[in-house]
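Trainee: Could you put the whole structure together from the sequences, leaning on the hints where they help?
Respectively, the protein sequence lines represent chains Z and P.
The numbering used here puts the first residue of the first sequence at 1, with every later residue one more than the last.
The numbering used here puts the first residue of the second sequence at 1, with every later residue one more than the last.
None of these hints come from the bench; they were simulated from the model.
None of these values were measured; they are calculated from a predicted model.
Hints are supplied without guarantee of correctness; some may be wrong.
No distinction is drawn between identical chains; accordingly, a pair holds when it is met within one copy or between any pair of copies.
[Unchecked claim] Computed list of lysine-lysine pairs in BS3-like fashion (alpha-carbon distance at most 30 angstroms, straight line):
1. K172 x K64
2. K151 x K64
3. K90 x K142
4. K147 x K90
5. K90 x K151
6. K90 x K222
7. K126 x K142
8. K207 x K222
9. K172 x K207
10. K127 x K147
11. K127 x K90
12. K126 x K90
13. K207 x K142
2 protein chains.
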Amino acid sequence: MAPSLTTIIVAGGRGLRMGKEIPKQFLSLGNRPVLMHTIDRFLSYDPDMSVVLVLPEDQFDYWKELCRHYRFQASYQLVAGGASRFQSVKNGLNAVGDCDLVAIHDGVRPFVSFGTIERCCNVAMKKGAAIPVIEVVETLRKIDHEKNEIKPREEYRLVQTPQVFQTSIIQKAYEEAEQISFTDDAAVAEAAGYEITLVEGNRENIKITSPFDLLIANALVKHEDDL
Amino acid sequence: MAPSLTTIIVAGGRGLRMGKEIPKQFLSLGNRPVLMHTIDRFLSYDPDMSVVLVLPEDQFDYWKELCRHYRFQASYQLVAGGASRFQSVKNGLNAVGDCDLVAIHDGVRPFVSFGTIERCCNVAMKKGAAIPVIEVVETLRKIDHEKNEIKPREEYRLVQTPQVFQTSIIQKAYEEAEQISFTDDAAVAEAAGYEITLVEGNRENIKITSPFDLLIANALVKHEDDL
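Mentor: So this is what it looks like as structure tokens:
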């Protein structure tokens with residue numbers, strides 16, 4: 001039997017980095033908001049999974065209005081975000097019911113492939129915690145005060161989401177106190193003593209945080225439409 | 001007086017990574033081959049600069065045919081590439097005449113901004129060697145055998161081109177023997193004892209090496225046309 005999965009989609013964007021009024025998760029991509037693409041991507045992968053959407057509470061009304069407008073009828077549980085990403089994920093975890101695995105995913109990464117989700121789930125079932133990564137394709141340099149030096153890029157990876165964990169592991173990890181060094185969920189699990197396994201992500205799985213990203217995203221949506 | 005500049009554009013691509021017959025530099029972008037965009041970008045920045053185009057010798061005929069077909073009449077010097085990138089750049093350097101600065105640029109980076117070129121030239125005039133870099137926007141991990149750990153991404157940069165040098169510096173650096181660790185020209189200069197200064201690149205300045213890159217590139221060209 002396939003493991004039961006709950007996906008927590010975290011959409012905390014206030015949109016400041018886009019230079020626009022509208023939070024990133026609501027930006028229009030193709031024919032509807034980014035966040036609807038992301039939710040649908042997971043439910044298309046597995047229509048039986050539970051989805052928890054974590055959104056700032058003051059965006060609930062706007063989101064519901066968008067859902068009416070776009071006739072978006074996906075099934076998910078809406079949970080209020082917290083003061084930080086850590087707090088938001090924690091709120092999401094509190095809403096997770098009985099399941100084998102929890103996937104935690106950025107709301108502004110609508111192009112995660114089914115292969116990436118599947119690889120993360122398979123490895124997390126065996127190893128406890130799995131995150132998708134891609135190779136560094138440019139030359140990499142490290143800055144050290146006034147100096148800088150080349151680092152071997154083949155030893156580095158860029159991290160994406162979903163970050164997938166056995167439910168008990170990630171719930172236990174999030175009982176620890178928040179640290180500012182927690183840039184993602186893998187960092188939280190690691191701080192609690194768990195080991196993270198890296199699996200292959202997909203290059204299109206970009207995080208939409210700049211106008212340049214949105215340009216790429218629209219090209220990707222158009223490309224998918226053309227296929 | 002503005003410093004005199006020669007740009008060496010290195011187009012050694014055999015196209016293997018694209019899964020297509022046609023070398024990357026000849027792929028169609030908008031209405032013409034990538035390489036024509038790249039050459040024009042530099043000549044638009046400074047119509048008085050000298051351009052040296054380094055191309056595998058067995059692609060000369062095909063390139064000339066493309067130039068006739070697209071009525072591409074830019075002024076540049078055509079030089080045969082060598083067995084490696086190092087050898088190709090060395091051949092290009094041998095063709096460089098009297099000038100203050102040499103910029104070395106990937107033929108498949110047509111979206112370098114004028115700002116990036118200018119910043120590299122200004123800093124290279126003062127400091128000897130300047131290369132454009134951008135920040136790492138994803139979480140970064142380093143692999144160490146079976147383990148992996150988060151690295152502080154704010155201490156790392158991704159390297160682009162053009163890499164700009166005072167002419168005497170880069171010519172002297174390329175007199176040294178080739179090493180396999182030379183992934184770019186900055187590495188060659190560094191091995192010869194010169195210090196590299198990092199300047200701000202531009203995010204659109206992607207290296208077109210995969211179908212995904214070509215998709216982005218076509219979106220960027222269309223975006224420029226729309227402006």
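Trainee: Could you run down the list of hints and mark each one as holding or not?
Mentor: Do the hints match the structure? See the list:
| no. | hint | result |
| --- | --- | --- |
| 1 | K172 x K64 | neither (32 angstroms within a copy, 65 angstroms between copies) |
| 2 | K151 x K64 | neither (47 angstroms within a copy, 39 angstroms between copies) |
| 3 | K90 x K142 | between (33 angstroms within a copy, 27 angstroms between copies) |
| 4 | K147 x K90 | between (40 angstroms within a copy, 27 angstroms between copies) |
| 5 | K90 x K151 | between (35 angstroms within a copy, 24 angstroms between copies) |
| 6 | K90 x K222 | neither (35 angstroms within a copy, 42 angstroms between copies) |
| 7 | K126 x K142 | between (34 angstroms within a copy, 22 angstroms between copies) |
| 8 | K207 x K222 | both (17 angstroms within a copy, 22 angstroms between copies) |
| 9 | K172 x K207 | within (27 angstroms within a copy, 43 angstroms between copies) |
| 10 | K127 x K147 | between (39 angstroms within a copy, 13 angstroms between copies) |
| 11 | K127 x K90 | within (22 angstroms within a copy, 49 angstroms between copies) |
| 12 | K126 x K90 | within (24 angstroms within a copy, 51 angstroms between copies) |
| 13 | K207 x K142 | both (23 angstroms within a copy, 20 angstroms between copies) |
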